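**Student:** Chains V and Y are the protein sequences, given in the same order.
The first sequence begins at 1 in the numbering used here and counts up one residue at a time.
The second sequence begins at 1 in the numbering used here and counts up one residue at a time.
Don't read these hints as lab results, they were simulated from the structure.
Owing to the predicted nature of the structure, the values given are computational and were not obtained by experimental measurement.
Just so you know, not all the hints are guaranteed correct.
To give a feel for the contact side, a few chain Y residues facing chain V, derived at Cβ under 8 Å [to be verified]: (1) Leu41; (2) Val88; (3) Ala94; (4) Gly127; (5) Phe131; (6) Ala134; (7) Glu189; (8) Gly431; (9) Val435; (10) Val436.
Covered stretches of chain V, as calculated for chain Y (at least 3 residues, CB under 8 Å) [as the list claims (entries may be wrong)]: (11) 13-27; (12) 42-48; (13) 89-99; (14) 104-114; (15) 223-236.
Every residue, glycine too, gets a C-beta built ideally from N, C-alpha and C.
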Amino acid sequence: MLETAVAAALFVGVLAYAVFAGADFGSGFFDLTAGGSRKGAELRTLVDHSIGPVWEANHVWLIYVLVTWWTAFPASFASAMSTLILPLLLALLGIVLRGASFAFRKYAASLAQARLFGAVFATSSVVTPFFLGAVAGAIASGRVPAEGRGDLWSSWLNPTSAFGGVIAVGTCAFLAGCFLCADAARGGHERLAEQLRRRTIAVGLVTGGVVLAALVPLELDAPTLADGLETQAAPLVVASALAGAATLVLLARRRFAVARMTAVVAVAAVVSGWGVGQYPWLLVDEVTIAEAAGAEATLQALLVAVGIAAAVVLPALAYLFRLTQTEAWSRPEH
Amino acid sequence: MPIDVLQSLPDALPPLAGLTAHAADVSEPAGLLPARQQMALSLGWHIVLACFGVAFPAIIFTMHLIGLRRGDADALVLAQRWAKVSAVLFAIGAVSGTVLSFEMGLLWPGLMGTFGDVLGLPFAFEGLAFFLEAIFLGIYLYGWGRMPATQHLLMVVPMAITGVVGTYCVIAVNAWMNVPTGFRVVDGEVTDIEPWAVLFNPAAFWQFLHMWLAAYMVAGFAIAAVYAVGMLRGRRDARHRLGFTVAMAFASASAVVQPFVGHLLGGRLAEWQPAKLAAFELATETEQPAPLRLGGVLVDGEIRYALDIPYLGSLIARNSLDKPVVGLEEFPADVHPPVNITHLSFQLMVGIGTLLALVAVVYWFARWRGRDLTDRRWFLRFMATGGVLAVVAMEAGWIATEVGRQPWIVQDVMRTPEAAGDNPALWWLLGATFVVYTAMTIGAIVVLRSMARRWRAGEADLPSPYAPDPPGSEGTSTTTSGAVR
Chain V
1 MLETAVAAAL
11 FVGVLAYAVF
21 AGADFGSGFF
31 DLTAGGSRKG
41 AELRTLVDHS
51 IGPVWEANHV
61 WLIYVLVTWW
71 TAFPASFASA
81 MSTLILPLLL
91 ALLGIVLRGA
101 SFAFRKYAAS
111 LAQARLFGAV
121 FATSSVVTPF
131 FLGAVAGAIA
141 SGRVPAEGRG
151 DLWSSWLNPT
161 SAFGGVIAVG
171 TCAFLAGCFL
181 CADAARGGHE
191 RLAEQLRRRT
201 IAVGLVTGGV
211 VLAALVPLEL
221 DAPTLADGLE
231 TQAAPLVVAS
241 ALAGAATLVL
251 LARRRFAVAR
261 MTAVVAVAAV
271 VSGWGVGQYP
281 WLLVDEVTIA
291 EAAGAEATLQ
301 ALLVAVGIAA
311 AVVLPALAYL
321 FRLTQTEAWS
331 RPEH
Chain Y
1 MPIDVLQSLP
11 DALPPLAGLT
21 AHAADVSEPA
31 GLLPARQQMA
41 LSLGWHIVLA
51 CFGVAFPAII
61 FTMHLIGLRR
71 GDADALVLAQ
81 RWAKVSAVLF
91 AIGAVSGTVL
101 SFEMGLLWPG
111 LMGTFGDVLG
121 LPFAFEGLAF
131 FLEAIFLGIY
141 LYGWGRMPAT
151 QHLLMVVPMA
161 ITGVVGTYCV
171 IAVNAWMNVP
181 TGFRVVDGEV
191 TDIEPWAVLF
201 NPAAFWQFLH
211 MWLAAYMVAG
221 FAIAAVYAVG
231 MLRGRRDARH
241 RLGFTVAMAF
251 ASASAVVQPF
261 VGHLLGGRLA
271 EWQPAKLAAF
281 ELATETEQPA
291 PLRLGGVLVD
301 GEIRYALDIP
311 YLGSLIARNS
321 LDKPVVGLEE
331 FPADVHPPVN
341 ITHLSFQLMV
351 GIGTLLALVA
361 VVYWFARWRG
371 RDLTDRRWFL
381 RFMATGGVLA
391 VVAMEAGWIA
401 TEVGRQPWIV
411 QDVMRTPEAA
421 GDNPALWWLL
431 GATFVVYTAM
441 TIGAIVVLRS
451 MARRWRAGEA
461 DLPSPYAPDP
471 PGSEGTSTTT
481 SGAVR
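So that you can see chain V by itself, here it is in the shape it has in the complex (with noise of 0.2 Å):
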């Protein structure tokens, strides 16, 4: 029960860091797709100003799930670890280079610098998403052991891992899409909300069907995760086609704010339809939830952080994310 408690704390930070940190990649896919410099100005400035104020608190939920990760279920930890270093290390340097090619970029000198700063930060935003959810993929095939070093290559170049990584990029572009239609017509840059609409509802379209293909591989390549997704978690699976389905509607019409909601629904939905699916597996097939814990004592404490962090982390967070939409921070910066 006590261990059941921890993991579901530690997936509510993948879900977090799925959904705001995803968003934040996902403006990468935007940014690199927006044109020339001049072509581009408006909406590069915009993706500044939309992820500036909050892509770090939201990078912070990667963090919270490596802490928990390892001193929940230490051992597990250890094992993906070595055995995924290597899509770990590819999405770790686009990590990298996004958040300092971004730093970077808002107060390079000359065009020139910008450009090269712009295009890290945009190539590193669109490809991060992709290993994270190989790593992802790795975990729900059951390729992962519980214990030493699984195979270095196969374990997330398969089936799962590579529809894992392309449904991490597609979500990411679609949440920072309708946030970034949000952004636009609110801060009255009509023009360029319509044009990030019409981009994002392509971009909805694609992922959503590459989600809905992805069953039939799943079938033979991860059956453990795709009977849970057939069974327990397959309302979520519903949820996240109807919301999905409602955002596309709701960008078609316009309603951008409602839209983002939406998204974030069927985006957190997908994401959590895989945490319910390999449910009570935390390494798919190798080891469970109870199996992996760690010290009692610890889970415990991390329980108690946990706490902590919810009374004292959310309200800051809510309170950021609320100047964010006001009228005053709407304003182009200086």
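We have chain V already, so just place chain Y on it with the hints.
**Tutor:** Okay, now just chain Y, sitting in the frame of chain V:
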């Protein structure tokens, strides 16, 4: 003779055995050396930025407060510029800190797999502190001109507090590695874990204080150095003087207290890590009273080029004129730390720290006597190197304490080879990290220098170069300096 000291040793150590029984003949796994180099590079790089993360908020807060209380426009300009600089530094600090989170598992699976649930709780609280810091950083940076002035200023306070908490938590883990507690090893299994005992372990407090002050020294001397260079180049306006004075105040206060904290911290080594103390002091043989050995290296077991000052070693390390410093001869050869690098790093840290403390005292004493040393070029020249010196002292301190703990990763419990993996490909990681960190360093320097250049040229807003038609088009972007106030 030191027999009594040695006999008291086992009491100081946790009651373990088993994990270490076979340790002496553990061969070195392929991942050990690259993992150690990787850790040294990535931690040594991150710690400089972490210092700014810890100390910069309070320094910015002070400047911002001066600006609001005195209605000092220069102070407000400086506070806002420092905030923009901190945005760049915190960004690369955040990502290089993430690298370390990954590396805990990637480089040290043996440590994390075995002790993850022992040492994890402080990291959880550190994550919590970092979360709050990132949130309020976002609010503060983007809140200029968008919030009521006092409310905006107060947004810095949580950052300064979380800097304290975060430092304590990370240092608590390192202190635990030096003085392990909060668990037992029974039949090779780690059991009876008390995570709160790890978080509040007895070694943590003084070590935390030492690092916390070091962070203020690094940030304070580095910022003061920037303005010292400006004054050397003839920019002696009020802004430069103010920037220098505020930074120097923080640097001085921490530098003057630091030697005392360091002394109290070192005083515990004789009990907790006697082999490390022996390496610090270059004590091959037990001497009573022990001399203070300045400089010197160990060549083929012989001490060369050292200057011995009688009694002082006992006095400094043991707070006594006759207590011994236990020599390395009393320990089995397989638990000797690398002596020369430990000793020289330690003395480099102490030497620079003492020098910086003296300079701080001289500066404020002269100021009290009505002399401003910033009128003297020799002083400015020295202060221009102060940031680098503080960084070197801090890095040397970390090298001394980390290398001095070897061969243990967890003192007397787990050897570093047992913690490492067997992945020789980590050499590639080290190479890639070197390239990426070099690029990131160059990027940061280029961007920060260009910001300073544009500020000197009179630009206030630093719009991004791709911003659509900066002046006027959005209506509000030209009113920044008014909005700041």
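**Student:** Against this structure, judge whether each hint is valid.
**Tutor:** We went through each hint and held it up to the structure:
1. The interface hint given for Leu41 (chain Y) is violated, since its Cβ lies 13 Å from the closest Cβ of chain V, which is over the 8 Å cut-off.
2. Given the 8 Å rule on beta carbons, the hint for Val88 (chain Y) holds: about 5 Å separates it from the nearest Cβ of chain V.
3. At a threshold of 8 Å, the smallest CB-CB gap from Ala94 (chain Y) to chain V is about 5 Å, leaving the interface hint in force.
4. Because the beta carbon of Gly127 (chain Y) sits about 5 Å from the nearest beta carbon in chain V, less than 8 Å, this interface hint is met.
5. Checking Phe131 (chain Y) against chain V: minimum C-beta separation of about 4 Å stays under 8 Å; hint holds.
6. Nearest Cβ of chain V to the Cβ of Ala134 (chain Y): about 4 Å, under the 8 Å cut. The hint holds.
7. For Glu189 (chain Y), the suggested interface contact is broken, since its CB lies about 11 Å from the closest CB of chain V, more than 8 Å.
8. For Gly431 (chain Y), the interface hint is violated, since its Cβ never comes within 8 Å of a Cβ in chain V; the closest pair sits about 12 Å apart.
9. A distance limit of 8 Å between C-beta atoms decides the matter here; for Val435 (chain Y) the minimum to chain V is near 10 Å, and the interface restraint is violated.
10. Below 8 Å, beta-carbon pairs count as interface contacts, and Val436 (chain Y) has one with chain V at about 6 Å; its hint therefore holds.
11. Only residues whose C-beta sits within less than 8 Å of a C-beta in chain Y count toward coverage, and the segment 13-27 of chain V has 0 of them, not enough to reach three; the restraint is violated.
12. Using a Cβ-Cβ cut-off of 8 Å, 4 residues of the segment 42-48 of chain V lie near chain Y, which meets the minimum of three, so the contact claim holds.
13. Proximity of the segment 89-99 of chain V to chain Y, defined as three or more residues with a beta carbon under 8 Å from a beta carbon of that chain, is established by the 8 residues found.
14. Taking a C-beta to C-beta cut-off of 8 Å, the segment 104-114 of chain V contributes 10 residues in contact with chain Y, enough for the three needed, and the coverage statement holds.
15. A count of 0 residues in the segment 223-236 of chain V with a Cβ less than 8 Å from any Cβ of chain Y is obtained; the coverage claim is therefore unmet, three being the minimum.
Violated hints, in rising order: 1, 7, 8, 9, 11, 15; the structure is consistent with all others.
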